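From first to last, the protein sequence lines stand for chains R and F.
Residues in the first sequence are numbered from 1 upward in steps of one, following my numbering.
Residues in the second sequence are numbered from 1 upward in steps of one, following my numbering.
Think of the hints as simulated: they come from the structure by calculation, not from any bench.
All of these numbers come straight from a predicted model, not from anything done at the bench.
Be a bit skeptical, because a hint or two may be false.
Estimated spans, in silico, between C-beta atoms of each pair [as the list claims (entries may be wrong)]:
1. A54/R x F131/F: 43 to 53 Å
2. L202/F x G19/R: 30 to 40 Å
3. K265/F x A54/R: 22 to 32 Å
4. I51/R x T186/F: 43 to 53 Å
5. G299/F x V145/R: 25 to 35 Å
6. T244/F x P144/R: 25 to 35 Å
7. K116/R x W257/F: 26 to 36 Å
No more than 30 Å apart at the CA atoms, straight line, and that leaves these computed lysine-lysine pairs for DSSO-like [as the list claims (entries may be wrong)]:
8. K297/F x K100/R
9. K297/F x K70/R
10. K46/F x K24/F
11. K70/R x K129/R
12. K116/R x K297/F
13. K99/F x K359/F
14. K99/F x K171/F
15. K359/F x K297/F
16. K48/R x K129/R
Some chain R residues well away from chain F (every beta-carbon gap over 10 Å; in silico) [what the hints assert, rightly or not]:
17. M13
18. V14
19. R22
20. S26
21. L34
22. H50
23. Q57
24. N58
25. G59
26. Q67
27. E130
28. G134
C-beta: ideal position from N, C-alpha, C; glycine also.
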Amino acid sequence: MSDTKDEAKTKRMVPLREGIFRLPESPDGKPVLLGSRCPKCAAYYFPKRHICIACGQNGLDEAELSQRGKIWTFTIARQTPPGSWIEAPYAIAVVELPEKVAIRTVLTDVDLEAVKVGMDVEITLAKMKEDQEGNDLMSYKFKPV
Amino acid sequence: MGDNGTKVVVLGVGLHPFGRFPEKSVADLGRTAALEAMKDAGVDYKDIQAGYCGRVVASSGVGLSIFEELGSTGIPVTNVELACASSSRAAELAANAIKAGVHDVCMVVGVEKMPRGMLPLGLGAGGEVSFVGAMGLALLPGEYALQAQRHMALYGSRPEHFAQVSVKSHKNGCLNPYAQYQVPLTLEEVMNSRMVADPLTLYQCCPTSDGASAVILCSEERARRYTTRPVYLVTSMGATPIYTPGEVNLSEGPTAWLAQRVYEKAGMGPEDVDVAQCHDAFTPGEVLTVEKLGFCKEGEGGVFVWEGNTEITGKKPMNTDGGLLSRGHPMGATGGAMITEIVRQLRGEAGPRQVANAKVGMIHNAGIGGIQVSILST
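Work out the full structure, taking the sequences as your base and the hints as a guide.
Here it is, written out as structure tokens:
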């Protein structure tokens, strides 16, 4: 028995967009959002930015953000917007993290009728599509804790 | 306007009806509105010293293509873009030029031709999908729905409070021959229409539209040649969102903060406003804005609308011509249409839509990119 030259490809996870979040080691893990933190006044931002709005510092550090937060507000999209890879109906939420940043995201593993302002949610990995090489294009969503 | 002594008058207003006009070009729409405004003002094209064109989608040269329809006098023409507030911002720029003594008479034409359906905010210029778009987050009704849900959670406002805005809007639209929709809707019809983004149903979303508006502004001194009862653009100011650490911001700009500055500049308060226009692209636009303009307390906007205070006969008549919801929303034209209705109200020319004794009007216009708030008075 010999190994074939073309081994069965192991499926790779690839982020849908680089620099926005860090993939976990395995598909069972949770992603980590990457924002910015001001080295001068400790303000946090998401998405990343270059200049601190609070103190004017030019040059912000990359910061890993909390993986849990609360729903600040939400809506249920009933019509799929142009270009969306997610089909309606789905819940859109603004999640507030302890760092006082607001994450605009989609909810998953949730009863749409049960979504409420104030709900505790945590980040989770979401497979969006396969790319042309058969890798899984991954993104993040949030789900009830 | 006012602080260096030169007052600005809105001398003439005009519209092309809002709706679907596939056979008409942007130039056709603009020409029609401009001719109506010039006739209203009593001026000829040769009297116009500068042109401004508010538009969103149409590209370079559109302003010239419209003004060239009217004549060829060599005046400077400037295209102005602030999404749905383009012609409001253009009016401020024209007024500032008049105040500075650069021009005496300016015309602002707002125009748009739009395809049907949702604005493809998640797609780039070449049709490529952005990250936000792919993730289903580029949903414009969603932005207003997010605000409505927060308002309901914090203040106990109800879905029918928002829906009532559309009922009132369509009732007013029936009285406006230029409106895209001149059909009344009941509360049940509004609430039972297809849900787009909870709690917003289809009839709580403004349509896409074709249309044009034109506004002629001039100095107070010049206005004396044409009218003994001028309507003044007292002040018009713009703003972009202000970052406040720890606060979540979902709206196009800091409306309450800007309104306060506009009131101060005008030497007035919310109690002085007799008639108003606000950006009701989606019904929460009116519920939230009446609070931010100081017409009622924070959190009470839903009840304020529900109890009829923004009807033509109410305490603070809002969008008496049907607003974006039923007048329509050709994005670049809307600012000028807001000015047009306020001017007609202040002149006593609003016919069946007339608010009794209207002397002071206020306008709130929002767009992706900023907001504009103005006060007009007799």
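Hints, verified against the model:
Here the CB-CB span from A54/R to F131/F is close to 26 Å, at odds with the stated 43 to 53 Å. Between L202/F and G19/R the Cβ separation comes to about 38 Å, which falls inside the hinted range of 30 to 40 Å. For the hinted restraint 22 to 32 Å between K265/F and A54/R, the CB-CB distance of approximately 28 Å keeps it satisfied. Between I51/R and T186/F, the C-beta spacing of about 51 Å keeps the proposed range 43 to 53 Å intact.
Checked against the hint of 25 to 35 Å, the pair G299/F and V145/R passes, with Cβ atoms roughly 29 Å apart. In this structure the supplied range 25 to 35 Å holds for T244/F paired with P144/R, their Cβ-Cβ distance being about 29 Å. Between K116/R and W257/F the beta carbons are some 30 Å apart, a value that agrees with the proposed interval 26 to 36 Å. Annotation: proposed proximity of K297/F to K100/R holds, straight-line Cα distance about 27 Å (limit 30 Å).
At most 30 Å may separate the alpha-carbon atoms for a hinted pair to count; K297/F and K70/R meet this at roughly 27 Å. Pair hint K46/F plus K24/F holds up; C-alpha atoms about 25 Å apart against a cutoff of 30 Å. Of the supplied pair hints, the one linking K70/R and K129/R holds, its CA atoms being roughly 28 Å apart against a limit of 30 Å. At roughly 25 Å between alpha-carbon atoms, K116/R and K297/F fall within 30 Å of each other, so this suggested pair holds.
Pair hint K99/F plus K359/F holds up; C-alpha atoms about 22 Å apart against a cutoff of 30 Å. Proximity of K99/F to K171/F is assessed by CA-CA distance (about 38 Å); at most 30 Å being required, the pair is judged violated. At most 30 Å may separate the alpha-carbon atoms for a hinted pair to count; K359/F and K297/F meet this at roughly 23 Å. The straight-line distance between the Cα atoms of K48/R and K129/R is roughly 25 Å, inside the 30 Å bound, and the hint therefore holds.
Annotated as non-interface, M13/R keeps its C-beta farther than 10 Å from every C-beta of chain F; the closest such distance is 16 Å. Look at V14/R: its CB is around 13 Å from the nearest CB on chain F, clear of 10 Å, so calling it non-interface holds up. No Cβ of chain F approaches the Cβ of R22/R within 10 Å, the least distance being about 15 Å, so the stated non-interface status holds. The beta carbon of S26/R is kept farther than 10 Å from every beta carbon of chain F, the shortest such distance being approximately 23 Å.
Once the 10 Å rule is applied to beta carbons, L34/R is consistent with being away from chain F; the minimum gap is 13 Å. A cut-off of 10 Å between C-beta atoms confirms that H50/R is not in contact with chain F; the least separation is 14 Å. Remark: the non-interface label on Q57/R is consistent with the geometry, its nearest Cβ contact in chain F lying 14 Å away (cut-off 10 Å). The beta carbon of N58/R is kept farther than 10 Å from every beta carbon of chain F, the shortest such distance being approximately 16 Å.
No Cβ of chain F comes within 10 Å of the Cβ of G59/R; the nearest lies about 18 Å off, and the non-interface call holds. No Cβ of chain F approaches the Cβ of Q67/R within 10 Å, the least distance being about 18 Å, so the stated non-interface status holds. With a least CB separation of 14 Å from chain F, E130/R remains clear of the 10 Å interface cut-off, as annotated. Look at G134/R: its CB is around 19 Å from the nearest CB on chain F, clear of 10 Å, so calling it non-interface holds up.
Violated hints for the displayed structure, listed by number in ascending order: 1 and 14.
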